[in-house]
Amino acid sequence: MATVTSYGQRLGNRVAVGMIILALIVFLAPIAWIGATAFKPRNLATTVPPTIFFAPEVSPFVKLFTKRVQLKPNEKVDYESAPWWERIVLDGGERISRTGRGEVQLSGYPSRFLNSLIVAITSTFLAVAMGTITAYGFSRFKVKGEADWLFFILSTRMLPPVVVAIPMFLMYRAVGLNDTHLGLIILYTAFNVSFAVWLMKGFIDEIPREYEEAALVDGYTRMEAFFKIVLPEAATGIAATAVFCFITAWNEYAFALIMTNRRAQTAPPFIPSQVGSGLPDWTVIASGTALFLLPVAIFTFLLRNHLLRGMSFGAIRK
Amino acid sequence: MAEIRLENVQKYFGAVHVIREVSLTVKDREFCVLLGPSGCGKTTTLRAIAGLEEVSEGRILINGKPVQNLHASDRDIAFVFQLYALYPHLTVFENLAFPLRATRIPDAEVRKSVTSVAESIGITHLLKLRPGALSGGDMQRVAIGRALVRRPKALLMDEPIGALDAKLREQMRTELKRLHLENGSTSIYVTHDQVEAMSLADTVVVMHDGVLQQVGSPSDVYLRPANLFVAQFIGSPVMNIADAQLRDEAGKASVLVHGAAFEVPREVLAAVSSRQVKDMALGIRPEGVLISHEETAGARSVSVHLIQPYGPFDIVDLNVGSQTLRARTPSGFASGKGQQVWARLDTTQAHFFDKSSGVSLGLRLG
Chain A
23 MATVTSYGQR
33 LGNRVAVGMI
43 ILALIVFLAP
53 IAWIGATAFK
63 PRNLATTVPP
73 TIFFAPEVSP
83 FVKLFTKRVQ
93 LKPNEKVDYE
103 SAPWWERIVL
113 DGGERISRTG
123 RGEVQLSGYP
133 SRFLNSLIVA
143 ITSTFLAVAM
153 GTITAYGFSR
163 FKVKGEADWL
173 FFILSTRMLP
183 PVVVAIPMFL
193 MYRAVGLNDT
203 HLGLIILYTA
213 FNVSFAVWLM
223 KGFIDEIPRE
233 YEEAALVDGY
243 TRMEAFFKIV
253 LPEAATGIAA
263 TAVFCFITAW
273 NEYAFALIMT
283 NRRAQTAPPF
293 IPSQVGSGLP
303 DWTVIASGTA
313 LFLLPVAIFT
323 FLLRNHLLRG
333 MSFGAIRK
Chain B
8 MAEIRLENVQ
18 KYFGAVHVIR
28 EVSLTVKDRE
38 FCVLLGPSGC
48 GKTTTLRAIA
58 GLEEVSEGRI
68 LINGKPVQNL
78 HASDRDIAFV
88 FQLYALYPHL
98 TVFENLAFPL
108 RATRIPDAEV
118 RKSVTSVAES
128 IGITHLLKLR
138 PGALSGGDMQ
148 RVAIGRALVR
158 RPKALLMDEP
168 IGALDAKLRE
178 QMRTELKRLH
188 LENGSTSIYV
198 THDQVEAMSL
208 ADTVVVMHDG
218 VLQQVGSPSD
228 VYLRPANLFV
238 AQFIGSPVMN
248 IADAQLRDEA
258 GKASVLVHGA
268 AFEVPREVLA
278 AVSSRQVKDM
288 ALGIRPEGVL
298 ISHEETAGAR
308 SVSVHLIQPY
318 GPFDIVDLNV
328 GSQTLRARTP
338 SGFASGKGQQ
348 VWARLDTTQA
358 HFFDKSSGVS
368 LGLRLG
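So the protein sequences, as listed, match chains A and B. Quick note: the first sequence uses this note's numbering, first residue 23, plus one each step. Quick note: the second sequence uses this note's numbering, first residue 8, plus one each step.
Next comes chain B alone, as it looks inside the complex (with noise of 0.2 Å):
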């Protein structure tokens, strides 16, 4: 078990810059997914702490003991490769018992271990075919299990489960997060899939083109986006952002959307006039906007465009001003296009903004 550190960790492929002074800091036992749509740097800098990606710049430490510079043999970190890579020409047991045989471990030891990783992943009945022989729920597990066999410092997963159809996705997620809590060790997990960061994490690190975005509980990345890419890249449905001019009329504070006012508390102008920002954009996730069929204090009247039924909820789009804003409503809730509804802002739900740098103003209302 071990903690591992990355300490301005730098990739260059030619005159690429994949990994941008990217430091983070994986605790003992720690489950980390490192989350970001493809090409953001998250694979290679998993690679690079295993070793089988050389780093251009900084460090890399295990357990404190800088590794940058060792092979990935020499350390001692399992890696599940999201194609499994079973070696087809062995058996699910040799497989699973080919990184004991890089020690001289003893035959009798070897049987042992394979035996006990086997069933704790469930695979005993399986041991004698060969990879091509298995489905590909059932190849992964083998792939964890081979990952899992010589207790590792860490265990690493390049989107272990991501070539798996949903449903077989969903199960071993939950095999996943089981496996984690029994074995506890320092893991960490790539994948562009939100669901199964938020679900697998106890931290998730958000990447995009090279750089750490946020590094946050699931709920911290949720709740309090650090920018306007966390923001839209967590969540589905996607959260409503718009351009946002606040405005001091009448004693009221309202915020205009797409030209539309929504009637804000006034804490908010003496808490933006503070941070001296230039443009503002708002940010509101569809269960933030708030409708009903009658008038309620701050509500406008809006128009419905749109209505995507998901099932348990609705996805509403209103027309509001000259764009739409999406709104989560119970299912059946909007009856139809052009069907007028009251709509208003949960303003405690409201992510505030700089436009030009994207950074969240970090105001809390509520």
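Isolated chain A, as found in the complex (with noise of 0.2 Å):
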């Protein structure tokens, strides 16, 4: 690192790290909006100006895992003999719907969360898989027509997915991939793929081909070498390229809230569906999207090492 020395260049540090504490402030604004409404009783959650001291209480989140439905005029709540997590969030005029023999319903959260959890994960998986292969295909072997072939491949990517949105889900219907897993999984590996592609194919370029010919002459096939020599090495790009593929098939929400509605719909569509039953409840809201922010974050910590040496990949000479 270089010693700041001159007038001129110690301002001009302070005006890039004021930058910075302002571009933080930006984008870390609304995550902290999330975690305190997440925990705000309902009545706090959309005061103005905004309370930044209160109570916390998990109210939120029990709203969030149990299936709620409006009171009607007539309805009463044997409120005594509910259970602690019953009566606080018995407020608003909701209640927590309970079958004739008492049981709590869960709501359609847990599911959906798992549903995000399965396709997103299968389809990372997939693209990344399929990614590495064919970057390994182009960057080590002669392809006819190599340029025109990753052009097209990067083409997909051109055209906004939403443009294809109706045909895909009449073609999805006309197959019976509507609202299924597979169909989600399918759609989004075919998004990522072309880019895990470009970026896989940067990441395997960079690993000399000798490591491979060496193993080749040790007595090792193409195949071995490519588990045993190339797949560690491009390991670092591996990771950056599904952090980026899960993070795309996670945040996805305009396919999931055309092609799914039940059983294999993902969280985003889901949790802004809960604004329109009843009076929003900004809290329910905010605790869904909490938990829903936490598997990304907890992936990307876990590949953060990777990540930096991704990013920084090409720019240093080894």
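Don't take every hint at face value.
Which bits of chain A does chain B cover? Going by a derived footprint, with three or more residues having C-beta under 8 Å, they are [stated by the list, open to error]:
| # | segment |
| --- | --- |
| 1 | 230-237 |
| 2 | 275-281 |
| 3 | 319-330 |
Far from chain A by the CB rule (all over 10 Å, computed), these chain B residues [what the hints assert, rightly or not]:
| # | residue |
| --- | --- |
| 4 | R27 |
| 5 | F86 |
| 6 | R153 |
| 7 | G169 |
| 8 | N190 |
| 9 | R254 |
| 10 | D255 |
| 11 | Q283 |
| 12 | G328 |
| 13 | R371 |
Restraint ranges, calculated between C-beta atoms of paired labels, are given here [said to hold, decoys possible]:
| # | chain 1 | residue 1 | chain 2 | residue 2 | range |
| --- | --- | --- | --- | --- | --- |
| 14 | A | M245 | B | T181 | 39 to 47 Å |
| 15 | B | D81 | A | Y275 | 41 to 49 Å |
| 16 | A | E168 | B | T98 | 51 to 59 Å |
Because the hints were derived from the structure by calculation, they are not lab data. We put the beta carbon where it would ideally sit given N, CA and C, even for glycine.
Fit chain to chain and form the complex, with the hints in mind.
Next comes the structure, spelled out in structure tokens:
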């Protein structure tokens, strides 16, 4: 790192730090709002100015995980005999729905969350696996019309995906992939695979061929060399690609909204759908969003070392 | 251990003809060095033997068996790459064990082989490290160890010490020679450094433009270069090459070099005229240009143009006719530019070439 000496440099440094802090505030404010609102009592969620100090509650999460219905005008709630966690959500004209035998029903959120995990993890795995093998082929073998093929692969990203939403919906309905996990997995894999090919090609190009050639002369087949040498060497690239693919698949909203409604619905279209049922309870939406942010945060955190190396990949001569 | 034979090997990269009809036999236990300028096809030849490059035509035989259609993994040959190609994600031990793990060898045996190789190349203290933590010399030792650990039929090396600094190169050269003597594996070594080639090789193979120029012992290629290319490529400082005409005047034979006449034995006349050469070139190494301060028989007076001190000797450029001639002298022999000295040619060190084909006439005098 260069030592900062002159006045101009010091000023420039401060301006840069100021800009970074400003950018951080802009980017982190929504996350702070989500985090805070997820623990607020409902009546403090939408105050102006926002309430900063409050006694945190778990009621938003309880509401998130339970099925709620609006009370009809003449219905009464047996408030006294309800358990504690039911009592804390018996506000604003809502109650927890129960069957005749008094069982509490789970809301749709856990299964939507699970759907999100299934779809995002499977499609990320498929996209990265296919992308890595394809990139390896392009990187190591003479492919006729290589540049054209690569451009074709990239061109699948040039169209805004929503443009094809209606035809995709009709096709999916025709083949029965509507509202299935497989349908979404295929869709997200298709989105991500072109991106994965391009990203992985850059990483694999950087791995010297001599590594594999050394393995080849040492008695390994091309496949063994790929698994024993290329994959470990490309770990950084695979991690970076996986994070990007996972985020794309995890956050996808438009297609999930159109293609699914119940069985295979993912969390993104589910969370806002809660706005429409009764009065919008922002605390529930915030708690749902907060939980939804966690897997990406954890995944990225686990792979952070690879990612940092991945970001600077190619910038540093080894 | 094995004998390696190339028979009329040809290789094209698209329209580029990189190996042209190369035929070569490397005997069992021989240390053969492919020497040539960059782009001469020596590395491609080596890679073809290893199976990393397919040949377009011709046969490659190991112990008499054609292998040109076998995969690299089926040829039982080891390859040392210029940039080591050690796997960064494995420790030195695992790098050394890697070739053994390709076959199902019990762990205890792997351990034994790795330890014994590590001992012979002196890297036992490095086994637990990763390649990133090693110096260039140690990395190359590990790379060579990885090649030897399997006891392959042959050891191919592609400029294995070219990336090291000069001092380390010299040390590794000695080590390579010792390892070859101890292991005695058939070795083919590619380099563009003639010092490496001369000091390591049993046989030097000089290549240029994909064509074998000369195959011979180090002293062969130095003392009896087959053509002008070999003559100029081998030897440092470079051999003097000049257009030469023979003259026969007053019973004395002489050769005109850059327009200046030097006396030569009469037998040259007959030998050259019998070959019917149109234009001739004379090649003489700097040590074949003898200079003295006093007049000697057959010497002519020349002036010093430039002095380059090398340490143990000086290289002195002499004004001869319209050009210069390099001579090797003891250090400090010539005092400065413009000094008059006497120079003659040691005809026993002279080489005569057919200028149009570049081929040596094979004349040896004295």
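Here is how each hint holds up against the structure:
1. Against chain B, the segment 230-237 of chain A contributes 6 residues with a C-beta closer than 8 Å to a partner C-beta. That satisfies the three-residue criterion, and the hint holds.
2. A count of 0 residues in the segment 275-281 of chain A with a Cβ less than 8 Å from any Cβ of chain B is obtained; the coverage claim is therefore unmet, three being the minimum.
3. A count of 0 residues in the segment 319-330 of chain A with a Cβ less than 8 Å from any Cβ of chain B is obtained; the coverage claim is therefore unmet, three being the minimum.
4. For R27(B), the shortest C-beta to C-beta distance to chain A comes to about 23 Å, beyond the 10 Å cut-off, and the non-interface label holds.
5. The beta carbon of F86(B) is not kept farther than 10 Å from every beta carbon of chain A, the shortest such distance being approximately 4 Å.
6. Distance check for R153(B) against chain A: the nearest CB is about 8 Å away, which does not clear 10 Å, and the non-interface claim fails.
7. The beta carbon of G169(B) is kept farther than 10 Å from every beta carbon of chain A, the shortest such distance being approximately 14 Å.
8. With a least beta-carbon separation of about 17 Å from chain A, N190(B) lies farther than 10 Å from that chain, consistent with its non-interface assignment.
9. R254(B), annotated as away from the interface, keeps every beta carbon of chain A farther than 10 Å; the closest lies near 57 Å.
10. Against chain A, the non-interface label of D255(B) holds: every CB pair exceeds 10 Å, the least being about 60 Å.
11. The Cβ of Q283(B) sits about 50 Å from the closest Cβ of chain A, beyond the 10 Å cut-off, so the non-interface label holds.
12. No beta-carbon of chain A comes within 10 Å of the beta-carbon of G328(B); the shortest separation is about 51 Å.
13. Annotated as non-interface, R371(B) keeps its C-beta farther than 10 Å from every C-beta of chain A; the closest such distance is 43 Å.
14. Between M245(A) and T181(B) the beta carbon distance is about 40 Å. The supplied range of 39 to 47 Å therefore holds.
15. Distance hint for D81(B) and Y275(A): a CB-CB separation of about 53 Å, inconsistent with the stated range 41 to 49 Å.
16. At about 36 Å, the beta-carbon gap between E168(A) and T98(B) misses the expected band of 51 to 59 Å.
Hints 2, 3, 5, 6, 15, 16, counting from the list given before, are not met by this structure.
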